[in-house]
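Chemist: Sequence:
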Amino acid sequence: MNNLFIEAKQLINGAQNIALSTHENPDLDGLGSLLALALILRQMGKNSLPFSLSPLPEFFRLLPVPKIIGNLDPAKIDLVIGLDYGAPERLEILNAYPKIKAAVLSFDHHTVGQHLGLKIVDPKISSTSELIYNFLNFLAVPIDSVAAVCLLAGIMDDTGRFRHANTSAQTLRIAGELMLKGASLQKISQAAYNVNPDEKLILLTEVFDKIKT
Numbered sequence: 154m155n156n157l158f159i160e161a162k163q164l165i166n167g168a169q170n171i172a173l174s175t176h177e178n179p180d181l182d183g184l185g186s187l188l189a190l191a192l193i194l195r196q197m198g199k200n201s202l203p204f205s206l207s208p209l210p211e212f213f214r215l216l217p218v219p220k221i222i223g224n225l226d227p228a229k230i231d232l233v234i235g236l237d238y239g240a241p242e243r244l245e246i247l248n249a250y251p252k253i254k255a256a257v258l259s260f261d262h263h264t265v266g267q268h269l270g271l272k273i274v275d276p277k278i279s280s281t282s283e284l285i286y287n288f289l290n291f292l293a294v295p296i297d298s299v300a301a302v303c304l305l306a307g308i309m310d311d312t313g314r315f316r317h318a319n320t321s322a323q324t325l326r327i328a329g330e331l332m333l334k335g336a337s338l339q340k341i342s343q344a345a346y347n348v349n350p351d352e353k354l355i356l357l358t359e360v361f362d363k364i365k366t
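If you read the sequence shown in my numbering, its first letter stands for residue 154, the second for the next number, and so on.
To be clear, the hints were calculated from the coordinates, so they are not data collected in a lab. All values derive from a computational prediction rather than experimental measurement. One or more of the hints may lead you astray.
Below, simulated DSSO-like cross-link-like pairs (lysine-lysine); rule was C-alpha separation at most 30 Å, straight line [claimed, not checked]: (1) K229 - K199; (2) K277 - K162; (3) K229 - K252; (4) K254 - K334; (5) K277 - K229; (6) K340 - K272; (7) K340 - K162; (8) K340 - K220; (9) K252 - K272.
Construct the complete structure from the given sequences, taking the supplied hints into account.
Modeler: Laid out in structure tokens, this is it:
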């Protein structure tokens with residue numbers, strides 16, 4: 154895996170305009186991994202462009218994450234990073250711009266389809282968010298509280314809030330590390346899954362307030 158991470162780092166270092174995309178109607182893992190990586194790439198000085206034609210779930214709207222865009226100039230993109238998409242026909246940016254010529258870097262934990270470009274796929278881990286956490290650790294870049302919230306939300310969603318069989322000891326260790334970086338497991342769980350709109354708004358505000366402190 155480290156050799157693939159080295160190649161991915163080289164691709165990112167050689168690119169400036171980087172589009173990130175996941176599958177249509179993305180879940181918290183697809184969006185969480187996308188937004189966390191987009192945020193870190195901007196902190197690295199890259200022009201990261203998180204792309205989606207699907208509406209952003211309410212959970213992410215109050216977080217100070219990079220704005221999701223629904224259109225871009227494909228000729229200006231140096232690198233496409235596909236996350237959690239499973240198969241090429243599910244990758245939103247390729248559906249919107251099938252003739253885009255940029256290099257592709259894929260991160261996923263699904264093995265159901267043929268991934269594009271440089272493929273970093275690990276079916277043994279819980280989620281693409283866990284994979285991105287490992288990659289960011291490899292890069293030795295700091296993960297701030299906003300990125301931590303995004304990644305923990307993604308891990309929680311794909312593990313069924315740590316109830317599914319894909320929850321490993323490493324998954325729980327990473328969740329703990331993300332909590333130490335400022336993500337509140339309890340507040341994310343309540344804000345993402347609480348069905349009462351008034352209570353959900355209060356909890357979302359609490360998640361947002363926590364990461365500002």
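Chemist: Against each hint, give a clear statement of whether it holds in the structure.
Modeler: To see whether the hints hold, each was checked on the structure:
A distance of roughly 13 Å separates the Cα atoms of K229 and K199; the hinted pair therefore holds under the 30 Å criterion. Taking the CA atoms of K277 and K162, the gap is about 22 Å. The hint holds against a cut of 30 Å. Note on K229 and K252: the hinted pairing holds, with a Cα-Cα distance of about 13 Å set against a maximum of 30 Å. Our distance criterion of 30 Å between C-alpha atoms is broken by K254 and K334, whose separation comes to about 37 Å.
Taking the CA atoms of K277 and K229, the gap is near 35 Å; set against the 30 Å cutoff, the hint is violated. Restraint check: the Cα-Cα separation between K340 and K272 comes to about 34 Å, which exceeds 30 Å; the hinted pair is violated. A C-alpha spacing of about 33 Å is found between K340 and K162, which places the hinted pair above 30 Å, so the restraint is violated. Note on K340 and K220: the hinted pairing holds, with a Cα-Cα distance of about 23 Å set against a maximum of 30 Å.
Restraint check: the Cα-Cα separation between K252 and K272 comes to about 20 Å, which is no more than 30 Å; the hinted pair holds.
Of the numbered hints given earlier, the model fails hints 4, 5, 6 and 7; all others are met.
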